[in-house]
Each structure stands twice: as structure tokens, then as C-alpha cells.
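**Student:** Sequence:
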Amino acid sequence: MRIFDPHIHMTSRTTDDYEAMYAAGVRALVEPAFWLGQPRTSPASFYDYFDALLGWEPFRAAQYGITHHCTIALNPKEANDPRCTPVLDELPRYLVKDNVVAVGEIGYDSMTPAEDTALATQLQLAADHELPALVHTPHRDKLTGLRRTLDVVRESALPLDRVLVDHLNETTVKEAKDAGSWLGFSVYPDTKMDEDRMVEILRAFGPEKVLVNSAADWGKSDPLKTRKVADAMLAAGFTDDDVDLVLWRNPVAFYGLSGRLQLDAPPPREATHEGNSILRGGA
Numbered sequence: 001m002r003i004f005d006p007h008i009h010m011t012s013r014t015t016d017d018y019e020a021m022y023a024a025g026v027r028a029l030v031e032p033a034f035w036l037g038q039p040r041t042s043p044a045s046f047y048d049y050f051d052a053l054l055g056w057e058p059f060r061a062a063q064y065g066i067t068h069h070c071t072i073a074l075n076p077k078e079a080n081d082p083r084c085t086p087v088l089d090e091l092p093r094y095l096v097k098d099n100v101v102a103v104g105e106i107g108y109d110s111m112t113p114a115e116d117t118a119l120a121t122q123l124q125l126a127a128d129h130e131l132p133a134l135v136h137t138p139h140r141d142k143l144t145g146l147r148r149t150l151d152v153v154r155e156s157a158l159p160l161d162r163v164l165v166d167h168l169n170e171t172t173v174k175e176a177k178d179a180g181s182w183l184g185f186s187v188y189p190d191t192k193m194d195e196d197r198m199v200e201i202l203r204a205f206g207p208e209k210v211l212v213n214s215a216a217d218w219g220k221s222d223p224l225k226t227r228k229v230a231d232a233m234l235a236a237g238f239t240d241d242d243v244d245l246v247l248w249r250n251p252v253a254f255y256g257l258s259g260r261l262q263l264d265a266p267p268p269r270e271a272t273h274e275g276n277s278i279l280r281g282g283a
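Using the working numbering, the final residue of the sequence shown is 283, and nothing's skipped along the way.
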């Protein structure tokens, strides 16, 4: 079984997670830029973080046979902080990097005017750089947030078929599907979505344009949720081809819209990254 996790925050995870993910079948992933859990106090902290997504994390992933790509953006939560918004002016120099396969995560957290501006600006950047967009729907009042998101996308230069609307659930999936976007589901141990609910959604709406992710971060989460969804699909009667479509071919098709996805060869296992390794002790 081959698995592509299309949304996982490996900056927050350990090398043990990389090892376990490879053993479970994960061979590729995309790490979206996101909020780190506490406020950033200057744009420079974003740039160091973006550089890590483009350098250190692909290096770490390669040690375990996993191909790492990323998405770059000013996330919705920090779009409300005027200390952070100058990042929008600097994004173009990151969006031209080969390993960047989308603009994201963008979208809504609290649905403020500042978030409206950041979303519209970054959708235009995606269109300008011929990249797809990964859109975060809010954790609260999800249906209102989805509808507002779809309205802003429709007013932008980026077609909905180049947008992955993430963190969907039973209340939002139909409208997102009817709109023509790609459909993203984050599967967590206790919140948002679990394996059984995911199987029921797949039964109701089919596997086409559906991407399942673990979104594992610094909170309670599980980087093996993609494999657990695959196993639940098989137990529920879905075929191996259905599983491969949802867990591999769909994420390849969406991020392949960037023209930058490189999955043909295993990632190189370099000894160090800028003089640093992941080894400890005398090894």
C-alpha cells in the first residue's frame, strides 16, 4: 500500500513518526505552513520557518525514504496580527521555489475583514504563480465559513477546480463538492473526523477528488491516521483501487497541478543539511 499524506505538520513531529509512517506505507507528504501555537512577533520568524520547510524538513524526511513537499502562506489566524501581515509582500520569493506545490494554508479562522484581505491576496498570488491553493475552513461555524470561502474564491482569478477545501465534515462536504473544489478531510483521534465517519462520507459521496490527511501537529493527533483510514476502507468493502485513489492518486493529481511534484525517484539521503545531521551521540 502506498500513501501520500497531503497535509501533515512534520515540524511538530519526531523522527520516530517518520519511521512509523514509512512502515505504514507513507512515501510522500505535503507540509503546509501553519500557526505554531503561539504568536509570532515579527515577519522574520516566518522566513526562518519557511526556510526550514524548504530545507531541514525535506532532509529529515529523506532519511526515512519519504518525499517532502510544502505549501507556503500567511495562515488565517496570524492574518489578524499587523506584526505578521508584511509577510504577504515577501511570499512571491518563496512561491517560486521548486518544492512549493501550493499556496496554503489560507482561508478563515474567525472570519474577520483582515482574513478576507489575506485570503483574497493569496488567491491572487496562487493564480499569478500558477499554483493551486490549500484552503483552511474555520473550526467554528463551519458551514458559514465554507460559504464565505467559496464566495471569495469565485470572485478570484483562481478556479475552484484548483482549490483544495480542507477540514470538511458532514455539514460542509456536499456544498464543497457541488462547487467543484477538491475535498479535504483531516482525521484526528478525538475531533473533526474519524475513520468510521470518513468511510460513511466516502460511501455517500464517492472517492473522486477526496483527499484524506492526518494534519498531525503539536496537539493531540496521529500521523498514522491515513493508514487507519485505508484499513477502515478495506474493512468496509472498498477495493484496493479505491484506497489507492484516495490515499495516493488524488493527492498526486491535486498537487501535480503545480507542475512541481517530484515522486519518480526516492529522495536523496544526504549525510547532513547545512552541516547538521539528525544523529545524536557518537554515531
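Incorrect hints may have been included.
25 Å max Cα-Cα, derived SDA-like pairs, lysine to any residue [claimed, not checked]:
1) LYS77 to ALA62
2) LYS209 to THR85
3) LYS142 to ALA62
4) LYS142 to PHE205
5) LYS97 to GLY256
6) LYS97 to MET111
7) LYS77 to LEU54
8) LYS228 to ASP240
9) LYS77 to ALA52
10) LYS174 to LYS209
For the record, the hints were derived by calculation from the structure and aren't laboratory data.
**Student:** All the hints need checking, so say for each whether the structure fits it.
**Tutor:** Hints, one by one, checked against the model:
With a CA separation close to 30 Å, the supplied pair LYS77 and ALA62 exceeds the 25 Å bound. The straight-line distance between the Cα atoms of LYS209 and THR85 is roughly 32 Å, outside the 25 Å bound, and the hint therefore fails. Of the pairs offered as hints, the one joining LYS142 and ALA62 is violated, with about 36 Å between alpha carbons and a cut-off of 25 Å exceeded. The straight-line distance between the Cα atoms of LYS142 and PHE205 is roughly 19 Å, inside the 25 Å bound, and the hint therefore holds.
A hinted pair counts as satisfied when its Cα atoms are at most 25 Å apart, and LYS97 with GLY256 qualifies at roughly 15 Å. At roughly 30 Å between alpha-carbon atoms, LYS97 and MET111 are farther apart than 25 Å, so this suggested pair is violated. Distance restraint check for LYS77 and LEU54: the Cα-Cα separation of roughly 22 Å lies within the 25 Å cut-off, and the hinted pair is therefore satisfied. A hinted pair counts as satisfied when its Cα atoms are at most 25 Å apart, and LYS228 with ASP240 qualifies at roughly 14 Å.
Among the hinted pairs, LYS77 with ALA52 is consistent with the structure: their alpha-carbon atoms are about 20 Å apart, no more than 25 Å. Restraint check: the Cα-Cα separation between LYS174 and LYS209 comes to about 13 Å, which is no more than 25 Å; the hinted pair holds.
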